[in-house]
Amino acid sequence: SAVISQKPSRDICQRGTSLTIQCQVDSQVTMMFWYRQQPGQSLTLIATANQGSEATYESGFVIDKFPISRPNLTFSTLTVSNMSPEDSSIYLCSVEEDGGGATDTQYFGPGTRLTVL
Amino acid sequence: AQRVTQPEKLLSVFKGAPVELKCNYSYSGSPELFWYVQYSRQRLQLLLRHISRESIKGFTADLNKGETSFHLKKPFAQEEDSAMYYCALNSNSGYALNFGKGTSLLVTP
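Protein sequence lines, in the order shown, are assigned to chains Z and S. Residues 19 to 135 (the working numbering) are what the first sequence spells out, left to right. Residues 17 to 125 (the working numbering) are what the second sequence spells out, left to right.
The hints are simulated quantities; they were obtained by calculation from the structure and are not laboratory data. Check before you lean on any hint, since a few could be wrong.
Said to hold, decoys possible - Per label pair, the in silico range of CB-to-CB distance:
1) D29/Z to P91/S: 26 to 34 angstroms
2) Q32/Z to K31/S: 23 to 31 angstroms
3) R59/S to I30/Z: 14 to 22 angstroms
4) Q69/Z to S46/S: 42 to 50 angstroms
5) N80/S to T48/Z: 40 to 48 angstroms
6) S56/S to S19/Z: 37 to 45 angstroms
7) T38/Z to T21/S: 19 to 27 angstroms
8) L135/Z to P34/S: 40 to 48 angstroms
9) N80/S to I30/Z: 23 to 31 angstroms
10) A33/S to E72/Z: 46 to 54 angstroms
11) K89/S to L135/Z: 42 to 50 angstroms
12) Q69/Z to T21/S: 28 to 36 angstroms
13) T76/S to Q32/Z: 41 to 49 angstroms
14) V80/Z to S44/S: 26 to 34 angstroms
Cβ coordinates follow ideal geometry from the N, Cα and C atoms, glycine included.
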């Protein structure tokens, strides 16, 4: 399976500032996703980030708040803009690996734990 | 609309006892179902895919389309099985996973 890394692993930020999270994959993948996991909650999809096209955002998430870049097939960034304490969450990127005719499977990065004061 | 339901937030069993983590789904098409596990301080990782019909770490899960369920089972729980378990549905390749709320499994000696 793909090896996925995220930077930073954690951060504590002041409200009103922005943080950019990086996701690096060791192989070329078409499909990348960004999820949020709020404390005690399940994972919620923020957006789908495919190389060569604009990110597709889920209901409740907007590009101004969560701009995403996908410059190539191994890298993506998610920015959390104008942060408030409600943005305190774990942010995860995931990639979909081609199952070669079988089920395609998603693998997850280690997550970025963000605390906003 | 897709929905994944894990009715138990917390499940506590004794070591050696059988364990079943419930997962029900609603989806009109043919779903692809997964179980993911998150051990303490580790990343979310894939445990099982329904299409593989495999047994991983002694766990199995069978897709029951009649009952729209994909329950995770293990005949003899071990302490190292203590973790958070998420059931997830994928309507199609290229789409994101729809996760249940998760079940925290605690296996006590």
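Status of each hint after checking the structure:
no.: 1; hint: D29/Z to P91/S: 26 to 34 angstroms; verdict: violated (43 angstroms)
no.: 2; hint: Q32/Z to K31/S: 23 to 31 angstroms; verdict: violated (46 angstroms)
no.: 3; hint: R59/S to I30/Z: 14 to 22 angstroms; verdict: holds (21 angstroms)
no.: 4; hint: Q69/Z to S46/S: 42 to 50 angstroms; verdict: violated (28 angstroms)
no.: 5; hint: N80/S to T48/Z: 40 to 48 angstroms; verdict: violated (32 angstroms)
no.: 6; hint: S56/S to S19/Z: 37 to 45 angstroms; verdict: violated (21 angstroms)
no.: 7; hint: T38/Z to T21/S: 19 to 27 angstroms; verdict: violated (35 angstroms)
no.: 8; hint: L135/Z to P34/S: 40 to 48 angstroms; verdict: holds (45 angstroms)
no.: 9; hint: N80/S to I30/Z: 23 to 31 angstroms; verdict: violated (45 angstroms)
no.: 10; hint: A33/S to E72/Z: 46 to 54 angstroms; verdict: holds (50 angstroms)
no.: 11; hint: K89/S to L135/Z: 42 to 50 angstroms; verdict: holds (43 angstroms)
no.: 12; hint: Q69/Z to T21/S: 28 to 36 angstroms; verdict: holds (34 angstroms)
no.: 13; hint: T76/S to Q32/Z: 41 to 49 angstroms; verdict: holds (48 angstroms)
no.: 14; hint: V80/Z to S44/S: 26 to 34 angstroms; verdict: holds (29 angstroms)
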